[in-house]
Every structure is written in C-alpha cells, then in structure tokens.
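**Q** The chain contents come next:
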Amino acid sequence: MDSIIAVQALDRNKKVNNKFVDMKVIGIEIKSSEAILVVLKRDSDGQIMQTNECTKFGIDDSQSNAQVRQFFQQVNASLDTINPGLIGILARNGKAKGVMAPSPFSFKLEGLFQLYNKKEVELVWPQSVSAYFKKHPVAVASHKKYQQDAFNLAYFLIMK
Amino acid sequence: MVQIDDAWAPEKIREFVRKELHIELLDYVRHGFNGEVYFAKRKKLNDEVVLKFYLSCEGYDASEEAVILKSIDHPNILKVYDLKFVPPEYACFTSPKISGGDLQTHIQAEPFSSKDALALVCQILGGVTELHSKHSLVHRDLKPGNILLDFREQKAIIADLGAVKKIWAADGFVGASKATRIYLPPESVNENKYYFQSDLYQVGLIMFQLLGGFFPVSNEIEWLNDREKKKVAKIRNSIEKELEFDKLINNKICKGRIAETSSLPPFLDASFRRVLNKALHLDFKKRYQSSSEFLKDVHQLDRQFPSYWQREDHLLVVHDSGKQFKVWKGRKGQYIVEKRNGGDWRKDNNHTGSFESALLLARKK
Chain A
0 MDSIIAVQAL
10 DRNKKVNNKF
20 VDMKVIGIEI
30 KSSEAILVVL
40 KRDSDGQIMQ
50 TNECTKFGID
60 DSQSNAQVRQ
70 FFQQVNASLD
80 TINPGLIGIL
90 ARNGKAKGVM
100 APSPFSFKLE
110 GLFQLYNKKE
120 VELVWPQSVS
130 AYFKKHPVAV
140 ASHKKYQQDA
150 FNLAYFLIMK
Chain B
0 MVQIDDAWAP
10 EKIREFVRKE
20 LHIELLDYVR
30 HGFNGEVYFA
40 KRKKLNDEVV
50 LKFYLSCEGY
60 DASEEAVILK
70 SIDHPNILKV
80 YDLKFVPPEY
90 ACFTSPKISG
100 GDLQTHIQAE
110 PFSSKDALAL
120 VCQILGGVTE
130 LHSKHSLVHR
140 DLKPGNILLD
150 FREQKAIIAD
160 LGAVKKIWAA
170 DGFVGASKAT
180 RIYLPPESVN
190 ENKYYFQSDL
200 YQVGLIMFQL
210 LGGFFPVSNE
220 IEWLNDREKK
230 KVAKIRNSIE
240 KELEFDKLIN
250 NKICKGRIAE
260 TSSLPPFLDA
270 SFRRVLNKAL
280 HLDFKKRYQS
290 SSEFLKDVHQ
300 LDRQFPSYWQ
310 REDHLLVVHD
320 SGKQFKVWKG
330 RKGQYIVEKR
340 NGGDWRKDNN
350 HTGSFESALL
360 LARKK
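Protein sequence lines correspond, in order, to chains A and B.
According to numbering that gives the first Met the number 0, the first sequence is numbered sequentially starting from 0.
According to numbering that gives the first Met the number 0, the second sequence is numbered sequentially starting from 0.
The shape of chain A in the complex, shown without the other chains (with noise of 0.2 Å):
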C-alpha cells in the first residue's frame, strides 16, 4: 500500500490547482553498480506519498554487453511503467579525486538513463537538494533506509 508521507499545508496550497498535481516523479541515486529508484507522487489533495513502484536494479559485470543491454531495456520497462512527469539523477563530480570519486562505471549507468527518450532526464547535484532541505526543514523518510538519498532528490523535484 502508498503510504502518505508528509502534508505541509502551505506547500499543499501551493501545489494544488497546479499543472503538477496527480504527477509522479522518480528520484535516482546511482550508487556504485546500482541504481536506486524511488517515485513520489501528489495526489489531487496534495498529500505526497512513496508510491510501493520503487525499485532498485544493477550490473554485476559491467564488461558485459548482454548485462549492459538488460539494463537499459530495465531502465525503458521501469520507466515506461511508471510513467513519471519528472525524473532526476543525483549528479556526481565526475572530477573528483581519491576516495571521493565516484565509480567510473556509475556513469555508464547514468548514461543509459539519459538515453531514456520520453522524457527529460534532469541531473541534479546534492549540494541543491541539501540546500532545499535547510531552507525547507521537513522531517520526511523513506520506507527504506538504503532509499534516503533517492527519495530526498525526488521530494526535492516534487516540491519545485
């Protein structure tokens, strides 16, 4: 069953009547080999849930073209299903040095969701969702722990 996560009533007035209302968004954290999934969804009072579509799939072998294409026709099937109105990625710092950086591999993956066509894919870099979050303090949770980061993003594309 969705659960219904957070109400904030002035972001409820806000909201309701607009374009965005009734639409899902999916937040995505690529996490190593991994990518997480979660879709948010405001229904026409307002209220955000986590819908139970949320999803998390990878790669084992990244030299795999067979791994590689079954990822990419996952990331079609799974967004097509879902059918989002918005979809974010965490972005990377595809710069960055020593223990901080990322996964080369990680961006093979991102890749394959930017070359999803039916809709725009947006990055989004942590530093704006932190941002939102001080500026915006709302005590939301994900159903799952390892979903944070994920769920985070997409509150942060719903409330835009």
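Since the hints were derived computationally from the structure, they do not count as laboratory data.
Mixed in with the good hints, there may be bad ones.
[As the list claims (entries may be wrong)] No more than 20 Å apart at the CA atoms, straight line, and that leaves these computed lysine to any residue pairs for SDA-like:
id, chain 1, residue 1, chain 2, residue 2
1, B, Lys42, B, Glu57
2, A, Lys55, B, Arg302
3, A, Lys55, B, Ser270
4, B, Lys295, B, Asn276
5, B, Lys78, B, Asp149
6, B, Lys114, A, Ala100
7, B, Lys295, A, Pro125
[To be verified] Looking from chain A toward chain B, a few residues come up when the C-beta cut is under 8 Å (computed):
id, residue
8, Thr54
9, Gln69
10, Gln72
11, Ala76
12, Glu121
We treat Cβ as the ideally placed atom computed from N, Cα and C, and that holds for glycine.
Following the hints, position chain B against chain A.
**A** Below, chain B without anything else, positioned relative to chain A:
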C-alpha cells in the same frame, strides 16, 4: 506466378487480391472462423507480407485490431503497413511476414535452452510493457500461438491483437476474452475479470512452457489423471462430456494446477520456480504488479545461472565464460560429466555419479 487454391475465400476477397497489382500472391490459409490470410510478395520492395481479412465496416473503429496495431510502434509488437476496406463487409491489413512462424510450433518441435527461453520472455515483456504503460491495453490472449519469431532479427513479436481492450484505471479490469480457455487466469474463470496482472499470468504460462514444464496444450486430456479420464470417458452424451471436461480443467486453473512448477525439468534451479510461482500466483494482487518488476527477476535468472539445454541424449550446460558441460546417464545408472573449455571434451570425475553432484559440478562457474 504461383497458383493458389483459395476457393474457400469469399468471392469479393478473391477479386480484391487479384486486383492488387503491386503484390504477387504466394499462398492462402483459412485462419479461424472469419479470418482469411494470404501470403504475398510486394513486387517493388521484394519482401514478403501477410494480408489478413476480417469482417468490418467502412468507417473508423478505434477498437479494430489493425487500428490498434497501427498506433503502436514497438519492435516486439507486430507492425501494420496498411489497412483497407474491402466492400461490402471486409477489412484487409498488411503486415510483414515473420520468418520463424509461431512460438507454439517451435516449443513442440524442440526444447529451448534456458537462456533462449529467458531472452524470449524478456522480449515478450518488452511488448507487454508498451501495451500496458503507453496504451493502457491488455492483450487478453497471450500464448505461444500468438507470439511470432523473427529469426533474422532474433526477436519475439506479439501478434493477434484481436482481443485487446483498454483498462481505464491502473487497478481496473475488463471482462475476460473467450479466446483460449487454457490460458485464462483464475480470476477470469471465477469472476470473468481480467487485469493487467492477468496478462503477466499468461506471460508466466509462456515462460513455463518455454522452460519445459508439463503443458499438453495440443492434447488437453493429458491434464486429467486416470480417475478423471475414466469419469469423462463414462459420459456418453458429447455435450455433457465436454461440460465435465471443461469443469475439470477450470477446477485445475482455479487451484493453480494447470501449470505445476514441480513438473519443470529437475536441472533448473529453485529460483526459476520462485519466479514462476510469483507470476502464476492464484491471487492477482500477489503476482508481479508490473511487467518491469517481472522483467527484473527474469534478468536476474539470466545473470545468475548458466544456460541449460536438454538435448536428445544429454544435458548441455553452457556458462557465459564459454565453459561447457555435458551431463548424461551412463549404462550402469551413474551420471557422467564431460567438460570443454575451448578445446576438446574431457571427462570430469569430480562428482559422485549422482545426478545432483553431476549437476553441481556442471553449475560451477
């Protein structure tokens, strides 16, 4: 010019196909109750096409099979080149001729390797995703007989969309199709309801057949046990006999005994059964809720396990690395394993001779 025997076709259709000067007729098949099918070659394009005729009217009808097909552009769903009205009461649509024929014929001819079976299921799920998410359509008659194989492009194509219907709400339903009883999900037999998850049940049945589960679709009586067969045989009236048979089959569908995962080949890992049990769950709410969720698990199976291929006298196990194993039963009842890693086949005796230990060895990456 090939002489075709289409005497069974209505006169207006026979006249129509002979007036179409851009095609050369190759064959004619009477297909179903009101379906006339011609195979032809487009002279200028030098490709083979299929012309399918059905009863229709002159105006636009959004629910017509060809009109629906024309609105869909997906590699795993049959394309329509053209749709014409043939007075007084027929429509004719032209689609490409798919080289490999239907999947049912192939399932009956030779077993598929598990990797090939999974690849086909993934492609079918790709087509189903398109129908469900983009068009809110349920196919309602997914079965190997309605899946065509394109050998040239190595893909499965969903055809025969004559029973498709639109579901207006995400959790909505429509009435079941009367098309093929044996593929009906339990909720259709019990309550005449058909959901998006009902299509996924039918894909589950296709997967079950592809993997070699017991599914005697060409000889349905085999579904009955001896006691049930005797019970049916005792009935003299043919209508009553058929009714009793239907009752028994419906009972099996509703109890989840039409596709028992225990009948799958013993070399398949338990995960295959888990995926199928979920796809074929009696309660549609406990099945995969979307084709993408189903696809994810099928991909997992493909990645986790080697390819199993039951040949006439041995089981062939092929790993992604290229390493291959042959497993067969020797004269004394013990199992023999041969291994090949690029070179020649060599015996591998690192097992006890039982089927389980031979399989364990062959599964090692």
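**Q** Output the indices of the hints that this structure fails to meet, ascending.
**A** Those not satisfied are hints 1, 6, 7, 12.
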